[in-house]
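Asks: Dock chain P against chain F, hints included.
Here the protein sequences line up with chains F and P, keeping their order. Offset between the first sequence (1-based) and this note's numbering: plus 57. Offset between the second sequence (1-based) and this note's numbering: plus 57.
Note that these hints are calculated values from the structure, not bench results. Treat the hints with care, since some could be wrong.
Repeated chains share a single entry, so a pair holds when one copy, or any two copies, can fit it.
[Stated by the list, open to error] Distance condition first, Cα-Cα at most 30 Å in a straight line; then the derived DSSO-like pairs of lysine-lysine:
no.	residue 1	residue 2
1	LYS341	LYS282
2	LYS282	LYS253
3	LYS351	LYS313
4	LYS242	LYS72
Protein chains: 2
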Amino acid sequence: MSTLVLGTVALDTVKTPFGLRKQILGGSAVHFAMSARLFVPVNLVAIVGKDFPQQYIDFLNRKGVILTSLIRAEGKTFKWQGEYKEDMEVAYTLNTELGVLTGFRPCLTEQQKKMEYIFLANIDPELQQHLLNHLYSPRMVALDSMNYWIEHKRKVLMRLLRDVDIYVANEEEARALSGELHLVKAAKRLRSLGPKMILIKRGQHGVLFYSDNFIFSIPAYPTEKIVDPTGAGDTFAGGFMGYLASKRRMDKIDLKRAVVYGAIAASFNVEDFGVNRTAKLTLKDLNDRLFKFKECVLF
Amino acid sequence: MSTLVLGTVALDTVKTPFGLRKQILGGSAVHFAMSARLFVPVNLVAIVGKDFPQQYIDFLNRKGVILTSLIRAEGKTFKWQGEYKEDMEVAYTLNTELGVLTGFRPCLTEQQKKMEYIFLANIDPELQQHLLNHLYSPRMVALDSMNYWIEHKRKVLMRLLRDVDIYVANEEEARALSGELHLVKAAKRLRSLGPKMILIKRGQHGVLFYSDNFIFSIPAYPTEKIVDPTGAGDTFAGGFMGYLASKRRMDKIDLKRAVVYGAIAASFNVEDFGVNRTAKLTLKDLNDRLFKFKECVLF
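Looking at chain F on its own, in the form it has when it is part of the complex (with noise of 0.2 Å):
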C-alpha cells in the first residue's frame, strides 16, 4: 500500500536561535514523505518552479518519493522566509513568494487515481477538493490547512470537510475554525463538521486525537533539543498516516499506535533545520525512540 499526498514543495528561509539557513528544502508534502517513506512508498503531487535546484529534486528520488506527478513549470518555486523566537512555538512569516504556486493543477497518473490512503497537505483547499473529485476509491483521506484559508475560503473548506476523514489542525488553527478555546470542546465541534477523527497538533504540548468512539492525548517526546520546528506538523501527519496505511487497519489500536509513530517522527524532525535530520531517520530510529517514550509516558 502507498500514500499520497497534495501539498508544497519550497524553498524556505528560516531563522532561530540556532541559525539561519537559505532557501533549504521544505515545504509541507516534503516533510510529510520525510517520515511516510519510513512505512510506505509516497506519491508526492507538487510543483516546483524552473529555479528549483536538481540537486533536491536527485535527493528525493535516492529517498524513495514518487516524483511522477512533481511539475516542474516556468517560474519560481513557491519560497517562505519565517523566523522563530526564544520559545520556539510560533513560526513568524517575514516573506512568502507563491510563484509557481498560484497557476498550480494537481495532476494525477491513473494509477494514483486509485490511491487509497491520501494527505491533503496545507495548500489552497480549491486544489485539494480538485484532487479529490479525481480520486476513485479513497479509503482514508486527512485534511491539513492553515489560518490563511480559514479565513479567506472558509466556505470551500467547509465543504471539503464533509468529504475527509480526518482533520489534522493545530491549535490555533482548531480555536479559529471551531469558534471553540477550549480544546476537547474545539475538537467535538470539528467532528460536527464532517471528519469522523480530528487530530489536534499541540507542539511542545503534545497531540489530541479525538473520535466519537474515544479520545486520545499523549505529550510530546520530552526532547531537549529544538532547533527548527519548521514541518513538525506535516512530519507527524506522515508517521500518522504512513502508519494506517502500512497497516491497512483502522482499529483502536493502531490509530494509537500512528499518533503515537506521528509524535515520535516529529520529535526528530525539530532536531535540525529543514529535513536534515529526518532525511537520515529509520525505521529503528523511530522504535528506538518509541521504547524510550514509553518510559517517559506509561504508567
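Replies: Chain P only, in chain F's frame:
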C-alpha cells in the same frame, strides 16, 4: 502515615466565564488537603482571622482535616480576588489582602514535628524555612512557591531549595527561577539547585516530572468541564503527596502513579468553584477516572 501542609487558608473571590463567587473557602493548604485527605490524614498549618466563618472550620473538621495548628488570630483572614478570562489558563489577580498572614508564625505540636511527609505550599519562603527547621526527621519535603517570592525573596528561596526533595512549580515559575524557556532544560537546571525531583505543573497541558533517573510526562485529563482552575496546582500536590505518604515508598512506579493521581485529582478540582467538587471527592471517583484516563493516554 499522615502528611503536614504549611500554606494559606483564604477567602477567595473568583470570577470566571461561569460566574462569580464571593469569599469562598480557598488557599493553598485547603486545596492540598482536599485531595491528600483521600489517602492519609492531613495536618493543616495555617492562620485565619476572626472573620473566618465557623462553617468553614466545621467543614474542614468534617473532612477529617487536623486543625490543631490552625491559628485563629485577631485580624482579617487572607483574601484573594482573581479573574479568569475565556482561555481559563491565567489567573489575573485583582486584589490581595494579606491580613493576619503578615504576622503568621507557624507553630507545630511535638507530634507534628515528627512528621515525615511535608508540603510547603506557596507562602513566604521564610515561613517555609522556619517550619522546616522545626522538623525532626522529614522523609520527603515538597516545596511550592510563586513568582512574587522568586522575584522578591530569591536568596531565601535558593537556600531553601537545597533542603527540599521536590520542587513543585508551574511553567511560568519554572522558567522564571531557572532562566530557561524550554521546560526539560528548565527542570534540569532546577534539579541542579538542589531538589532531587522537579514537578512542573502545566495546567491544561499536563505535568512533567524530572529526576536524575527518569522523566515522566502526562497530558491533562481531557475534560471539557473547566469552571474554576483556582487551586488545581495544590490539589495536584495533595494527590501526589497523599498517595506517596500512603505507600511509604518512592520507586519509579510509585512516583509515576503519584503524579497520575495528582493530575486526576486536579481534573476534578477545576470542575466547580473553590473546593465544591473536591469536597465531595472519594477515592472511588479518583480510581474511576484513573481508569478512563488510562484509556485516553495508554497505547
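Asks: Would you mind marking each hint as holding or not holding in the structure?
Replies: Here's how the hints hold up against the structure:
no.	hint	in the structure
1	LYS341 - LYS282	within (20 Å within a copy, 40 Å between copies)
2	LYS282 - LYS253	between (34 Å within a copy, 22 Å between copies)
3	LYS351 - LYS313	both (13 Å within a copy, 12 Å between copies)
4	LYS242 - LYS72	between (35 Å within a copy, 21 Å between copies)
Going down the numbered hints, you'll see the structure goes against none, and every one checks out.
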